[in-house]
Amino acid sequence: MSNTLASKRDFDIKKFLSQNSIWLVLVIMVIGLQIVSPVFLSTNNLRTMLEGESIKGILAFGIMWTILSKGIDLGAGSIVALVSVITASLVQPIGVANKLFPEMAALPGWAAAIVGIAIGALIGAIVGTIIAYTKIPPFIATLGTQLICRALAKIYSTQPVSNLSPDFRIFAKGKLFEIIPSIVIIFLIIFAISGFMLTQTRFGKNIYAIGGNDHAARVAGINVERNLIKVYIWSAVCAAIGGVLLAARTGSADPSTYGLNYELDAIAAATIGGTSHTGGVARISGVLAGILVLGVINNGLVLLSVDDNMSNVIKGIIIVGAVIIDMRKNAAKK
Amino acid sequence: MSEEYVLEMHDIVKEFPGVKALKGVQLKVRPGTVHALMGENGAGKSTLMKCLIGIYKATSGKIIFQGQEVSFPNTLSAMQAGISMIHQELSPVMERSVCENVWMGREPRKGIRVDHKKMRQDCRELFQKVGLDLDPDEKMGNLTVAKMQMVEIAKAVSFDSSGGIMDEPTSALTESEVEHLFKIIEDLKSKNVAIIYISHKMDEIFRISDEITVYRDGEYIASDRAENLNIDKLITLMVGRTMDKMFPKIECPIGETVLKVEGLSSGRAFHDVSFELRRGEILCFAGLVGAGRTEIAETIFGMRTRTAGKIYKEGKELHIKCPEDAISNKIGMLTEDRRGNGIIGLLSVAENTVLANLKKYGFPLSHSKIRADASDFVNKLNVKTPNLETPIANLSGGNQQKTLVARWLLIDPDILIVDEPTRGIDVGAKAEIHSLITKLAAEGKAIIMISSELPEVLGMADRVLVMHEGTMTGIVDREDATSEIIMKYATGETAPQS
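These protein sequences, in sequence, are chains W and D. For the record, in the first sequence the residue sitting at position 311 is 406 according to the working numbering, with numbers rising by one throughout. For the record, in the second sequence the residue sitting at position 237 is 238 according to the working numbering, with numbers rising by one throughout.
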């Protein structure tokens, strides 16, 4: 047996289906929805749906790393708020109404975006360091980020920051080939980067190992602390990108409502996509599917004009169900 | 004193997957006596006791307690029947009070409410009975380990058992507390309670036991009254076996010193350990469980803080703070706890193989190179796995171990530390690992091997470093090493200073 395995890679249909069951669910949902509501697959509707899910999706590609490392990031939504108000305040042209800093000239859009992302990275580095070195539960540490960043956003600006410069709004408003919104392009780029890091770099392998068994990872010479800090930086950077895009898309930034509960949707997407909360299991394609499934549910419930509260009930059931199935799948391996 | 036995265990067999831990052993205990169980680590003493009180279910065999055949489904029913056990490892609930710990699971009640007053009162009486001066409301976590052990003993007494099992009860006690414990034991004896006493400390055994039963490798060896035995006779019974041919030692030239350790200490785990390790040499750490052998290895490998001493590799002082540092100095360590800090169960055989060496595969990672290396070692070490993508958790213990050996070979270590490399794996894989380690030594690597199995130590080692309770008691060369000498040092006798 051992001599023949050299480089043979069997294709196992059962394994393939079990790993990709979420895509199957997605296809079924799309077909079903198309039958009940024929506008579903129209270009317009698809674009609206993707645009709407992109920002939470970007958050999910960050948060999945924290879950993979046996942690969580509850701060992402508040980072969206903080970064969006700060970047927005930097791109208000002189002379517009309610300008936060009336005397300050607007920064170029790209510079403001970089500032926003840098702020995200800094927050991630701080919370990551706290988690890695004090060993406090990530749930608590990031609950702290959630409260603090939301409050900082409100302190920074007591009211919404609006009238943003067009060269900043282009990040979300541009279109590729006149049809694909730039926000969706950025979503796909983050997907690609996250996936690349996960499977093609030492960093990704290290996080799988840490999530699977951090003691063993340490013995194998992996610097657990440094890697955890990187994870929380990445998650916060994703949230910051989300914040920049949300401001760019809406042309405004409201410190009290922006990003509210985004982290929960992102966690839900990562979870439905098979990211295990016991650590060590995640697939980027699963998370992509999870984001799309949530998007289709959101969109479908709107198309079917299901009441908002009811749609949350349905989402809740789907998330819990997904985790039950996922735990059973992984229980045998641990 | 009645001549009949309060407890008889006949032909007890206990099999674990791949290992036969007990091969049909017996034990007969008279009421009102202290019956000592002796044997090396892994002889089966603790396993036998766990079968008795229902932690394990014996594969076959008969247990007769107070004239009736019994089989306890769990420890609680054993306690209710009158057998309580003081475990080797304590498991108190640190955040609750002493008295809640004592009465846990059987709190006195008034209606549906817990009767805290009675609980406290009973606790005070109990402590008085055993002469323990403690506040029942003190938090368990505030006590010293020794005091916790005494609480544990008091708890066992509180069951009014007719049989008590003490597994290494004195391991954490100071001398005066040991005296205290012995008084309690005398007191219990006078109440016709039978006590099964497991200890590695010879002086204790001969002081308090009436009868001694010896086990070896899961087999019953002998049983006799204590006055008919002495330390030498007992050691011979414990280790006296013919050496099997499992250890294919290759004689190879021993080269220059690679590792030099001077006065190494780590907290209370061990202190002032010095030795040298040379190329091509297998240095074994022998000693009983808790002697500090693993801790020395962990300190060298950076898993544990060094509180004193120096470590040199090839004449250069090392400052290792974490395993990462050790690995970059070409030191590898196969840890004792394969599941706890060895394998990453969810990851594949290939990923587990290359884990300590990911730097080698560049950016982006070269998956084809990873697969090539993994498959190379899987073939070389004869790891039996369906394919390289199989999660390592699905492999047998021996094959997991071989994968982990591959992980360390991949860093091309100068020094390889292997801690209990053959624990819990089947005989075939054991022999493969032995020959692998010997071959590595022959290739000029320096090996530190920690083993609790004397035959393994005697068969493999070029030199044996013996530890006893955190102190180095001797270093023995291969030609002088016998079971008796090692056992003597391991139980506390120090080597004559030369």
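Keep in mind the hints are simulated off the structure, nothing from the lab. Just so we're clear, the structure is a prediction, and the values are computed from it rather than from any experiment. Hints are not guaranteed to be accurate.
[Said to hold, decoys possible] Footprint (simulated), chain W over chain D, 3 or more residues, beta carbon under 8 Å:
no.: 1; region: 47 to 59
no.: 2; region: 316 to 327
no.: 3; region: 354 to 362
[Claimed, not checked] Calculated from the model, a selection of chain W residues having no Cβ within reach of chain D, i.e. all distances over 12 Å:
no.: 4; residue: Tyr303
no.: 5; residue: Ile305
no.: 6; residue: Leu399
[Claimed, not checked] Each computed SDA-like pair below joins lysine to any residue, with the alpha-carbon atoms no more than 20 Å apart:
no.: 7; chain 1: W; residue 1: Lys230; chain 2: D; residue 2: Ile64
no.: 8; chain 1: D; residue 1: Lys322; chain 2: D; residue 2: Gly268
no.: 9; chain 1: D; residue 1: Lys192; chain 2: D; residue 2: Leu174
no.: 10; chain 1: D; residue 1: Lys331; chain 2: W; residue 2: Asn318
no.: 11; chain 1: W; residue 1: Lys109; chain 2: D; residue 2: Lys331
no.: 12; chain 1: D; residue 1: Lys360; chain 2: W; residue 2: Asn318
no.: 13; chain 1: W; residue 1: Lys410; chain 2: W; residue 2: Thr224
no.: 14; chain 1: D; residue 1: Lys361; chain 2: W; residue 2: Arg297
no.: 15; chain 1: W; residue 1: Lys110; chain 2: D; residue 2: Pro387
no.: 16; chain 1: W; residue 1: Lys230; chain 2: D; residue 2: Asn342
no.: 17; chain 1: W; residue 1: Lys165; chain 2: W; residue 2: Phe298
no.: 18; chain 1: D; residue 1: Lys361; chain 2: W; residue 2: Lys268
no.: 19; chain 1: W; residue 1: Lys110; chain 2: D; residue 2: Asn395
no.: 20; chain 1: W; residue 1: Lys165; chain 2: D; residue 2: Arg340
no.: 21; chain 1: D; residue 1: Lys385; chain 2: D; residue 2: Lys331
no.: 22; chain 1: D; residue 1: Lys370; chain 2: W; residue 2: Leu121
no.: 23; chain 1: W; residue 1: Lys165; chain 2: D; residue 2: Lys431
no.: 24; chain 1: D; residue 1: Lys431; chain 2: D; residue 2: Arg340
no.: 25; chain 1: D; residue 1: Lys360; chain 2: W; residue 2: Thr294
no.: 26; chain 1: D; residue 1: Lys361; chain 2: W; residue 2: Val319
no.: 27; chain 1: D; residue 1: Lys322; chain 2: W; residue 2: Tyr228
no.: 28; chain 1: W; residue 1: Lys230; chain 2: D; residue 2: Pro387
no.: 29; chain 1: D; residue 1: Lys322; chain 2: W; residue 2: Thr224
no.: 30; chain 1: D; residue 1: Lys184; chain 2: D; residue 2: Gly268
no.: 31; chain 1: W; residue 1: Lys230; chain 2: D; residue 2: Ser329
no.: 32; chain 1: D; residue 1: Lys361; chain 2: W; residue 2: Lys410
no.: 33; chain 1: D; residue 1: Lys360; chain 2: W; residue 2: Arg297
no.: 34; chain 1: W; residue 1: Lys110; chain 2: D; residue 2: Glu390
no.: 35; chain 1: D; residue 1: Lys360; chain 2: W; residue 2: Lys410
no.: 36; chain 1: D; residue 1: Lys370; chain 2: W; residue 2: Lys109
no.: 37; chain 1: D; residue 1: Lys361; chain 2: W; residue 2: Tyr228
no.: 38; chain 1: W; residue 1: Lys110; chain 2: D; residue 2: Gly346
no.: 39; chain 1: D; residue 1: Lys322; chain 2: W; residue 2: Arg321
no.: 40; chain 1: D; residue 1: Lys322; chain 2: W; residue 2: His310
By construction, the Cβ of each residue, glycine as well, lies at the ideal position given by its N, Cα and C atoms.
Here's how the hints hold up against the structure:
1. Counting residues of the region 47 to 59 of chain D whose C-beta lies closer than 8 Å to any C-beta of chain W gives 0; at least three are required, and the coverage claim is violated.
2. Here the region 316 to 327 of chain D counts 4 residues with a CB under 8 Å from a CB of chain W, which clears the bar of 3, and the coverage holds.
3. Given a C-beta distance limit of less than 8 Å, the hint that chain W covers the region 354 to 362 of chain D holds, as 5 residues qualify and 3 suffice.
4. With a cut of 12 Å on Cβ distances, W/Tyr303 falls inside the contact zone with chain D, its closest approach being about 6 Å.
5. Not every Cβ of chain D is farther than 12 Å from the Cβ of W/Ile305; the closest lies at roughly 9 Å, contradicting the non-interface assignment.
6. Look at W/Leu399: its CB is around 39 Å from the nearest CB on chain D, clear of 12 Å, so calling it non-interface holds up.
7. Pair hint W/Lys230 plus D/Ile64 does not hold up; C-alpha atoms about 48 Å apart against a cutoff of 20 Å.
8. Proximity of D/Lys322 to D/Gly268 is assessed by CA-CA distance (about 15 Å); at most 20 Å being required, the pair is judged to hold.
9. About 24 Å separates the Cα atoms of D/Lys192 and D/Leu174, which puts this hinted pair outside 20 Å; it is violated.
10. A distance of roughly 16 Å separates the Cα atoms of D/Lys331 and W/Asn318; the hinted pair therefore holds under the 20 Å criterion.
11. Restraint check for W/Lys109 and D/Lys331: not satisfied, since their Cα atoms lie roughly 42 Å apart, outside the 20 Å limit.
12. A hinted pair counts as satisfied when its Cα atoms are at most 20 Å apart, and D/Lys360 with W/Asn318 qualifies at roughly 13 Å.
13. For the proposed pair W/Lys410 and W/Thr224, the alpha carbon gap of about 34 Å is over 20 Å, so the pair is violated.
14. As the CA atoms of D/Lys361 and W/Arg297 are separated by approximately 10 Å, the hinted pair is consistent with the 20 Å bound.
15. About 14 Å separates the Cα atoms of W/Lys110 and D/Pro387, which keeps this hinted pair within 20 Å; it holds.
16. Our distance criterion of 20 Å between C-alpha atoms is met by W/Lys230 and D/Asn342, whose separation comes to about 18 Å.
17. A hinted pair counts as satisfied when its Cα atoms are at most 20 Å apart, and W/Lys165 with W/Phe298 qualifies at roughly 15 Å.
18. Restraint check for D/Lys361 and W/Lys268: the C-alpha separation of about 43 Å exceeds 20 Å, so the hint is violated.
19. The suggested pairing of W/Lys110 with D/Asn395 holds, with an alpha-carbon distance near 15 Å, which does not exceed 20 Å.
20. For a cut-off of 20 Å, the pair hint linking W/Lys165 to D/Arg340 stands: about 18 Å separates their Cα positions.
21. Taking the CA atoms of D/Lys385 and D/Lys331, the gap is about 27 Å. The hint is violated against a cut of 20 Å.
22. Between the alpha carbons of D/Lys370 and W/Leu121 the distance comes to roughly 36 Å, so the proposed pair goes past 20 Å and is violated.
23. Of the supplied pair hints, the one linking W/Lys165 and D/Lys431 is violated, its CA atoms being roughly 34 Å apart against a limit of 20 Å.
24. Restraint check for D/Lys431 and D/Arg340: the C-alpha separation of about 17 Å stays at or below 20 Å, so the hint holds.
25. Distance restraint check for D/Lys360 and W/Thr294: the Cα-Cα separation of roughly 15 Å lies within the 20 Å cut-off, and the hinted pair is therefore satisfied.
26. With a CA separation close to 19 Å, the supplied pair D/Lys361 and W/Val319 stays within the 20 Å bound.
27. With a CA separation close to 15 Å, the supplied pair D/Lys322 and W/Tyr228 stays within the 20 Å bound.
28. Of the supplied pair hints, the one linking W/Lys230 and D/Pro387 is violated, its CA atoms being roughly 38 Å apart against a limit of 20 Å.
29. Taking the CA atoms of D/Lys322 and W/Thr224, the gap is near 19 Å; set against the 20 Å cutoff, the hint holds.
30. Proximity of D/Lys184 to D/Gly268 is assessed by CA-CA distance (about 32 Å); at most 20 Å being required, the pair is judged violated.
31. Taken as a hint, the W/Lys230 and D/Ser329 pair is broken in the structure, with Cα atoms around 26 Å apart against an allowance of 20 Å.
32. Between D/Lys361 and W/Lys410 the CA atoms are separated by roughly 44 Å; this puts the pair beyond 20 Å, and the hint is violated.
33. Under the criterion of a C-alpha separation no larger than 20 Å, the hint pairing D/Lys360 with W/Arg297 is consistent with the structure, at around 7 Å.
34. Under the criterion of a C-alpha separation no larger than 20 Å, the hint pairing W/Lys110 with D/Glu390 is consistent with the structure, at around 12 Å.
35. For the hint linking D/Lys360 to W/Lys410, the alpha-carbon distance of about 42 Å lies beyond 20 Å, and the restraint is violated.
36. Proposed proximity of D/Lys370 and W/Lys109 is contradicted: the alpha carbons are some 28 Å apart, above 20 Å.
37. Between D/Lys361 and W/Tyr228 the alpha-carbon distance is near 28 Å, which puts this suggested pair outside the 20 Å criterion.
38. A C-alpha spacing of about 18 Å is found between W/Lys110 and D/Gly346, which places the hinted pair at or below 20 Å, so the restraint holds.
39. The straight-line distance between the Cα atoms of D/Lys322 and W/Arg321 is roughly 15 Å, inside the 20 Å bound, and the hint therefore holds.
40. As the CA atoms of D/Lys322 and W/His310 are separated by approximately 15 Å, the hinted pair is consistent with the 20 Å bound.
When held up to the earlier numbered hints, the structure conflicts with 1, 4, 5, 7, 9, 11, 13, 18, 21, 22, 23, 28, 30, 31, 32, 35, 36 and 37 and fits the remainder.
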